[in-house]
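Trainee: Given these sequences and hints, build the entire structure.
In the order they appear, the protein sequences are chains A and B. Heads up, the first sequence stops at 373 in the working numbering, and the numbers go up one at a time, no gaps. Heads up, the second sequence stops at 1336 in the working numbering, and the numbers go up one at a time, no gaps.
Be aware that one or more of the hints could be misleading.
To be verified - Stretch-level coverage of chain A by chain B, calculated; a stretch enters the list once three of its residues show a Cβ under 8 angstroms from a Cβ in chain B:
#, stretch
1, 179-192
2, 344-350
As the list claims (entries may be wrong) - Residues from chain B shown here face chain A by an in silico Cβ test under 7 angstroms; the list is partial:
#, residue
3, D1030
4, T1034
5, G1049
6, R1302
7, Y1306
8, Y1319
These are calculated hints, taken from the structure and not from any lab test. Glycine included, C-beta positions come from ideal geometry on N, C-alpha and C.
Listed here are the chains, written in short residue letters.
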Amino acid sequence: MSEILRIIGDGKEIPDAGVPDGLSDKDLVEMYRWLVLLRTFDERAVALQRQGRIGTYALYWGEEATQAGALYACAATDWVFPSYRQNSIGILRGVPAATVLAWWRGFGGVHGFWNPREHRVAPICVPIATHLPHAVGLAWAAKIKHESTASLTWFGDGATSEGDFHEAMNFAAVMKTATVFFCVNNQWAISTPIHKQMATATIAEKGAAYAIPAIRVDGFDPLACWKATKEALERGRAGDGPSLVEAYCYRLKAHGTADDPRLYRDESEAGRWMHLEPVGRMAGFLKRLGIMTAEEEESIRAEAKESIAAAVKEMESIEQPGREILFEHVYASGRPWTFDEGLAELEGVERPPEVKPLGPPTGAGAGEEGKTQ
Amino acid sequence: MSQRTMVEALNLALHQAMEHDDRVVLLGEDVAKTGGVFRVTAGLLDRFGEERVVDTPLAEAGIIGSAIGMAVYGLLPVVEIQFDVFVYPGFEQIVTHAARYAWRTKGEVPASLVIRIPFGGGVRAPELHSDSPEALFVHVPGLKVVCPTTPNDARDMMLAAIEDPDPVIFMEPKRIYRAGREEVSDELPFALGNGDGRYNEVLSKARVAREGDDLAIITYGPTVPLTIQAAERLAQERGVQARVVDLRSLYPLDVDAIVEAASTCGRALVVHEAPRTAGLGAEVSALIHERAILDLEAPVIRVTGYDVPFPQFANEDDYLPSVDRITAGANKVLDF
Ligand SMILES: Cc1ncc(C[n+]2csc(CCOP(=O)(O)OP(=O)(O)O)c2C)c(N)n1
Ligand SMILES: [Mg+2]
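Mentor: Next up, the structure:
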């Protein structure tokens, strides 16, 4: 149970294993492109927060393999259910990056939300583990309709403490739904280390309680994440029910932009994991195999930079939504009378000044204000 | 004596309660090592150790349910919910157990715990960090629900909530956590552990936050400072003196203070941030109409949040009751 699937080495002590069956050279480069796009989005979002251009942001620097690797294994018709930590996963499925940035900028409605049916990407889920039963229900519905759609959901180590995790696992196992429970074990839940979160040595062993097959993979290795997910989806589609993937890694950065990990952990620990981070590691692997040249690598990075820069521009061109946005999309069936009265009341007073993100904490008390999420 | 914010005053109260009574324990997510995301529990781990100040696993039903078990065995747990919305996974434990333990045990074993909930908007937070769920708890028989708005009240009411044998939902208006400082004495406001019922008085009485006889404005939590500003504007603009009543206790309501204010002024306005329908405003308005209708010159009006999900933060100032909206509501009552 504690064995960990790993394919990409570190170019030094850890040797490379062979490329898994089913991945062409083109696939490998494409997966790298995904990793770079996610990384670029994340770094840009952190910078925007520091400049007071978006609100508090939950970064995922270092966890790109758990996202791109797993998603690459999915069929286009499969659904994914992200938590806040996979907030930008939709950009790999056609959700505009500007929409995700707008969500963090505090815009709602058509600016910050998307139609999940269009991209098979559920909304960003903030309350821990509460989206897991949705992933189960979706795959269950596909089963009722005799369709081969599977679902995949990401969540953290901390999320496995919530009741919704256990209920979802059990439902999926009993109903034999084609669901992949993809746990990103970054060993921290804000300030709470994994040994205070659970008494088990691994998360994978929790699968046994529900008769769900489980595997541990190197969460910094996109190919290991891909392979485990691919096999899990095949099992699901064959009618053999759900799987649990434990992607073992480490939260290399802060929990969010309002968090200061120096308050509760020794940051040199993160330093010891740093050489395993997925973007540089995948690039090294592709170069060792002679699949990607330095020029190709450079052009992938440049392309990502350009596309995220365009998204930032697009997000920043959004005007503050009008007051009527409060009352939009709350009911699909129409507006209750209370909304008309509310809007009339609002329009009877002068509009407050535009709301800007708070930006980084400064001066006395900096870092004291609440970390959000 | 020392100048303290609400956060520091709550922290002082927790230190004092734990010092006084070793049955007091703190449970919650990230409360020990970092002292909570808002730092309300800072320093308590170092002072009282990890048996009494506990970083729990991430599970609100587990935290509140375990706290109930601890209370049954005689401890006095104080639970922190990280943000308003995250109490919902623990709702079941609060409604079916915490609220009914006394009733189910012939009144002999109440669930003596305090559930602290930082709540409300105005802090530019991402989705699902800004709810005002107090009315959900007010609607559950067996719970006390309180909400301080000044550092001194926060300290005194926290001590009283811990003393109180009944389960107390302790709503903390996060927007004004650090809004201002005032003198908060290191002296205890009342003797702890006397069983003299003093906590009842501290926990059940409203406070007049501004004197006046022309219009009663009844509010609580983050809208109290805004209401005081609106009252000052009314005084300047039309010479009206509004009495601002800070409820402090949301259940039970201080009916005497509410009716007295409405009867004296003949006009009343209720203000809160939570959505309107079936909120505290409805209850306060009903009480006034039931008991003081003959003294009223105008119907009671509400200025509240709207019946919509709390918006994404770029539009939160449109949702939140503002000084302008409160003043407009007051003018409506005055001009009826
Ligand atoms: C129900 C609920 N409770 C509390 C929180 C506050 N919170 C946000 S993230 C977090 C830690 C989550 O840790 P983990 O599941 O390991 O995911 P990670 O953040 O490491 O990706 C907490 C407690 C929340 N979002 N939802
Ligand atoms: Mg984690």
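Trainee: Of the hints given before, which are not true for this structure?
Mentor: 5, 6
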